[in-house]
Amino acid sequence: MSVSKNVKLPHLFYGGDYNPEQWPEEVWKDDMRLMKKAGVNIVSIGIFSWAVLQPGPDSYDFAWMDRLMDLLAESGIMADLATATASPPAWMAKLHSESLPVDENGARYAQGSRQHYCPNSKAFRLYGQRLVRKLAERYKDHPALAMWHINNEYACHISRCFCDECTREFRVWLEKRYGTLDELNARWGTNFWSQKYYGWDEIGLPGKTPTYANPGQQLDYMRFMSDSLLDAYLGEYRILKEITPELPIMTNLMGAFKPLDQFEWAKHMDVITWDSYPEPTAGIPVFAAMQHDLMRGLKAGQPFILMEQVTSQVNWRQQNPLKRPGVMRLWSYQTIAHGGDGVMFFQWRQSKAGAEKFHGAMVTHTGDENSRIYREVEQLGQELRRLDALVDARVEAEVAIIFDWHNWWALELDSKPSRDVLYLEQIKQYYKALFERNVGVDFVRPDADLSRYKLVLAPALYMIAPGVQANLEAYVQGGGTLLTTFFSGIVDENDRIHLGGYPAPLRKLLGLCVEEFDPMLPGQTNGISVSGFGDLRGEFACNLWADLIRLEGAQPIAAFTSDFFAGSPAVTRHTFGQGKAYYVGTQAEAGFTSGLIGAILGEAGVQAPLEAPAGVELSVRRGADGARYLFALNHNASAVQAELPEGRFADLISGRELAGSLELAPNEVVILQKRQ
Amino acid sequence: MSVSKNVKLPHLFYGGDYNPEQWPEEVWKDDMRLMKKAGVNIVSIGIFSWAVLQPGPDSYDFAWMDRLMDLLAESGIMADLATATASPPAWMAKLHSESLPVDENGARYAQGSRQHYCPNSKAFRLYGQRLVRKLAERYKDHPALAMWHINNEYACHISRCFCDECTREFRVWLEKRYGTLDELNARWGTNFWSQKYYGWDEIGLPGKTPTYANPGQQLDYMRFMSDSLLDAYLGEYRILKEITPELPIMTNLMGAFKPLDQFEWAKHMDVITWDSYPEPTAGIPVFAAMQHDLMRGLKAGQPFILMEQVTSQVNWRQQNPLKRPGVMRLWSYQTIAHGGDGVMFFQWRQSKAGAEKFHGAMVTHTGDENSRIYREVEQLGQELRRLDALVDARVEAEVAIIFDWHNWWALELDSKPSRDVLYLEQIKQYYKALFERNVGVDFVRPDADLSRYKLVLAPALYMIAPGVQANLEAYVQGGGTLLTTFFSGIVDENDRIHLGGYPAPLRKLLGLCVEEFDPMLPGQTNGISVSGFGDLRGEFACNLWADLIRLEGAQPIAAFTSDFFAGSPAVTRHTFGQGKAYYVGTQAEAGFTSGLIGAILGEAGVQAPLEAPAGVELSVRRGADGARYLFALNHNASAVQAELPEGRFADLISGRELAGSLELAPNEVVILQKRQ
Amino acid sequence: MSVSKNVKLPHLFYGGDYNPEQWPEEVWKDDMRLMKKAGVNIVSIGIFSWAVLQPGPDSYDFAWMDRLMDLLAESGIMADLATATASPPAWMAKLHSESLPVDENGARYAQGSRQHYCPNSKAFRLYGQRLVRKLAERYKDHPALAMWHINNEYACHISRCFCDECTREFRVWLEKRYGTLDELNARWGTNFWSQKYYGWDEIGLPGKTPTYANPGQQLDYMRFMSDSLLDAYLGEYRILKEITPELPIMTNLMGAFKPLDQFEWAKHMDVITWDSYPEPTAGIPVFAAMQHDLMRGLKAGQPFILMEQVTSQVNWRQQNPLKRPGVMRLWSYQTIAHGGDGVMFFQWRQSKAGAEKFHGAMVTHTGDENSRIYREVEQLGQELRRLDALVDARVEAEVAIIFDWHNWWALELDSKPSRDVLYLEQIKQYYKALFERNVGVDFVRPDADLSRYKLVLAPALYMIAPGVQANLEAYVQGGGTLLTTFFSGIVDENDRIHLGGYPAPLRKLLGLCVEEFDPMLPGQTNGISVSGFGDLRGEFACNLWADLIRLEGAQPIAAFTSDFFAGSPAVTRHTFGQGKAYYVGTQAEAGFTSGLIGAILGEAGVQAPLEAPAGVELSVRRGADGARYLFALNHNASAVQAELPEGRFADLISGRELAGSLELAPNEVVILQKRQ
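Residue numbers (our numbering), protein chains in the order written: chain A, 30 to 705; chain B, 30 to 705; chain C, 30 to 705.
Among the clues, some could well be false.
[Said to hold, decoys possible] Chain C is faced by these chain B residues, among others (derived, beta-carbon under 10 Å):
#1 Trp-52
#2 Pro-235
#3 Thr-238
#4 Asp-449
#5 Leu-451
#6 Ala-533
#7 Lys-537
#8 Phe-546
#9 Phe-593
#10 Ala-595
The set of hints was computed from the structure by calculation and includes no laboratory data.
Given the structure is predicted, the values throughout are model-derived calculations rather than measurements.
Cβ atoms here follow ideal geometry from the backbone N, Cα and C, with glycine treated the same way.
Isolated chain A (complex conformation) (with noise of 0.2 Å):
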């Protein structure tokens, strides 16, 4: 890990949430001997630990912990130490009441189970940073301190709160954003509905109206909330970073996770670690993959480290299966083909009582070695010693695509045309297309520099916020490829409509003209006809949205079969400058969008690493030595081959050395480099 100045460890990470203050300390020991046993060489601690360090507002213990941190030293694991205040004590509720967060009926939530405060509590603020001030003091010598770890999966269960505080600091934070009542009025439309303010303190959180709030205002509402909790984290992160300045901070995020924006988190932590639990039997874990993408580009690519995943089932779905044998171990490998920098578990051992006893650990209720999980927790821990060489390696990706937390949250208001487009799952289906060619994917912000990506796709980028416009159209201009989808560049930073014909910050782009839009009904479709586009021809079924567009320049490429508008585009191609900028106006069934993705990665020139078998996934990782690290992942439930390119190749995992032909077994997987 590069995180900082300060690196700990030349391995890759391996471990999970420890949370001994559960165990007699009898147990501890033995948990040294089963975790060295493993090859965890780091583990995260005091995440649930406020209510054991500090019985009091004026007490506090920190003799447990001094123990534990010791022992960990002893045994060379290093400790990811939290600042431990996901979950306030009871203590703090009592006497602070309104730290307690308020639901949007006014009902305020109460203490006995974790997350259970306001992030603009001030006593929550107080009483937190005081304890993270006392640990970092404590222990920011301490050998065994490898990394801070504040707080926990910020805004899990409480991403919005409606107490008076929340009230007071909304209007601060409007003020400071608009400056004037005219400006915020203006911004958002409060001549609609008589909603006009005359002074700061007129406004209220978008709660428990009786229709539909204003949407500038639950826009802003969204982005307080995150800048709220973000500024909790702040308070912390300062906090530490002047006490232990070399080392690396961060909280641990929750992928493609809509309450947060966590590329402007991101600005604030030293390392992305994110929390993942994929669907169990959801076979290929597609979405994993793409999360894992969108942490790695929180930070431009720098590694990411999966903080938690599960070594079994969780307890929290209406079922919860088990991870097949042999799964947790290929979904780890996805986890490092993607940029992971280590994979670590929700938890080390199994809890006794409480509300996650039945959620799986690396050592079960069995207490011991003995059990499949820990076989297997301890074979992958075994494999990753061998894999120093990829620590610090880069993610090989020539396509984009824009992600943005604004647009997720705009996109996803009431009032709108449907309430079936949403988001991720606009971006899923692009994403899938271009996973399934094993084509590297970055996530990028709509303002990011994209000269350097051959392709860049923009799904329901319905806002366009100042600048993107001109970023867009600088890309396409220099030669880059753009797609676009239905419902882009409808709207402002605001919620407020480019007027002009839609989408009107777009139109000289994509070269058309959107007259209207016809959403369709659950179940009903329309279909699209393509007679040749690369090898994409045929009709297809569409369904959810049809745009009728008008082309201004731009060229068809498919057009609607049926209703009214059959015959009219649509999906067309622009060429604006010296690029191409594609739009597709349905949401097409995957065999279209696939096809079509395929002709235009050919046209762009963007090829997979290698030719492999349906349901193999294959990344490419590169160190800063220029050593080029082929990943490939066998998710089929029987073996498969594929041809190697010439030359040899050694296989991190096994040492084995491969050549000509490889074959995978089931959710089997090989780190290949060329022999020199």
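Using the hints provided, position chains B and C relative to the given structure of chain A.
Relative to the frame of chain A, chains B and C by itself:
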């Protein structure tokens, strides 16, 4: 419009909601140009202008409204001026949080959308009426002022409030209604479940009760809320009537809308207006036609204004498809065919911001006349100018359906034999059978004079209030034909059982007793067999409900075919005095209902105005001069033909002369007047 | 009834809830006439009379009750006199709003239906107990008084309250239960998620938490609420017992009703009564039979009274079909066959008003004897008079099912491997297999003496509390046969895992270890294959759950057929001491379960009392004198025949003598006693 002594327009109303405060004033000029081009002659203004008109409790700003009114007058466009009370300003919510409504859990609604007021709020009434007086004084003599529009869609979002002010007012309302607690206790049957009251201040609202609240209390609460909203309306009405006694005053109703007893409201409206939003993909809009007839019935046949419809698509359904080309025009003519003297839209210019920016309008987001939508709006506006002859012409109907809001409320209270017996669903089945036979239908109160109708239907007339039994008996006695259905005649006006065997107050009239009723489960069916009634014979399916009928003079028309009551009567006819009373003791499939209605219409001597193909809707309006206008609307996707009677006809829309065979293209409409 | 020393009736109880306060007194006389005609010998009165008995905090009105009691006594009808506390008067809600219960969001319930009291409310307790004392003092020597009926259906609507009084009482309850906070912290595992408590006043109720509340806290809260309601009951019970020590006292329970630990309640009831409302269209009411057996088990076989059922139809389902003719009688006899010593109805006379006016009654809205319903009521009443011999006869059963409310609560807490494992569903599957084989079943607590049973089933016995392991082991050791199923033996009485490999406390007894469990998704299945166990062989489907079993002495009976654990044991048998322990590690289709139970019954030597066709239910009751009464009920829609054993039999109902072949018409029942 003959809405008052002070008729302003000899034309059908054409226009829409106009919210210029959302736009810079330079846009207003273009609005005028586009309105005139489209034939707009009236616009509704100020509906959501309170916050703009009144920046604070003691300050007002009418300058922009002055300019707007002048501009309209200059442009020859009339103003339907709203009282602006539909959405109070934010400062009122801040100063008077008690004016915000409260839900049944005691949670208070928030400002930030619209309709966030308790109808019984003293602050809301005070500030609202003060504004109304100012508006009326200021514009009473303005040449643009044509009509007053009070508030907007009362109860659309907030039809119930559970605040302390409502509680106190409910007690006052009850004391006024019942005089003594003994009377109230008897009416509500409070000896059930220990609910007896000994003081008025013991009575609360039927809010969050552990299980079913007292049905009498629930029913009176619904009456009270309808009356509270009406009282809020009347507070404004009286001021306007005092200052501008000549001008028509109304509020826009919402069709078959449950919360308001609109027969009662209609007494206090000079003209009925309503807002119609049929399912855009519903095919033939039978339910819209039914609601037009119901709205026309509110003032005994006086023409109504369609105050709102959408040109293209709304934004509040899950998915919001477009109206297909020609459909808006066709449905607009349906409105006129059923007694509409005007067709208006929400709204004139599609908003740039706010919760309704994706709601269609007359001018779309292109901002100009270059849209299919505007072209259709313009065509319709130009056509309507030719239809002055229709103004105040009356729809002809020989059939009436009894409709009663109190019956609706009581029938759909909880704790019933079946929750699937829904009033509108029952009404619709019989309306549809009449509609498909192109028979005109009036809607009337249960205590209306029925003597001019050849046939009266009273589906699901669960409540027989005082006087209704005598009214129905007198009608049939005098030669009328009445049809009623299962679960009718069960309770009195306080939802208390009419004892003595169902349906006690109708037993004599119907010549039968319902010994038991047996609600059916979803998917469950029985059969009814009819050996011959008019053209109706054979076996039909029925579901939902089966009455176990003992005949007491009636003759069976159809009998159940299955279950332990197989062979017992399902449908009966009873000769009573000079007339006949039909009873349908189940919910039959549409084919049976249609056949039954056909046979009864034949017997009663009711005929369609023309023999027309399926999917062609006919209606007749008759002018004060006796002129007869026959509407024919083709709802089919293909052209159809019909034979006209002898003679030559003029089509008022196209000006064409027609004779012999009439051909109607898809979505086409003609309004035929026989040449003298 | 041998419910106490002071037995009043040598007959089976027959009657219903009687609410004469809803009717003018002139109706009462007719009630007496109709009751006598129908054979009614007892009625429940006063259940909802509080408001009528007590017009205000300091005033009472017993005059009407005096007249009613006298009238009953004159008519030879006994009074089951209620304490009237089920629905407090409105004045109490007004004076003591804190007596109204509060939901988990902090919203307070309103007066206006019933059961609107917090069980821990001091005001409710005070006023209620004061009334109880007055009733007891006044009527203690009244000749009509036969039994006390405390409150009504405790927890039917309000089984949880989150008010401040409950919070305080919960702390008191916890301190009493655990003594120290250290103990509580250990039991609840509060070091998980930072929940450690340092003061009793830090502990709240598990209400509106951001996510899963502490399971130990949730479980104790359910215990606390059951205990709080019981304490409210006991407050009244003690007064009654003090004043009328000879009279039986009870409250009406609700069958397999989750909120109350009815084994605990039964300790404080002199006789068990309960209210049974089977799905009217359910076909054979197996679940009603199961609940009769469960209710009989509450006091170890002592006969119970069916306090409420409906003659025709209820009013609280979505749809409320009629019981078909003969069904009420058949199901009434089922009650008696399973140990009922009385059959009563809600209610005597169908209400004219209120929330239950469409709930069926003995006298319908016709108000007289002219209804099918009354005729069936009368016939049954006349028949029951002939069945005095059955009073206090005991049901014979050689099989027991372990039932435990604490297990139910813990099993269905959140955060489980699968939310689809529901206690009653698991119990029902095994009960049904026994029921269909006409094998008598007792329900017993996990710590009951099991030695008299040939077979004991413990489906889904997730919780093994202290003593249970030893009890089960001793039973099998001594020669008993035990069957338990997946997800049994997992936690202790505080929902903490029994560590050391599932199911730790049962591993020795069952001879196996469950290494992992794999919940299945809805629609997902596996197969189990059995090569031969008794008559059981072949392949069967299973779903819901699969245990991965490692044998430790047990023998496999059936094995899974699919997935990575194909071939591993699904069902096992272990010889332990003199007995056998069966384990079923999945949810098998009914055919397998039935076959398995059949084979085990055969092995255990348990037989049906007669060979009977499908759909014929058999049961045996034995009188104190040893007389044996064989009930045979034909639930089929057609007549069936069965061969009787040698000898002549008398049918107690008809008086007929029977021998050889028994023919049973649809819905017919016989009670056979062998002639000496």
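Query raised in the report: Can you name, in rising order, the numbers of the hints this structure does not satisfy?
Result: When the structure is compared with the hints, numbers 1, 5, 7 and 10 turn out to be violated.
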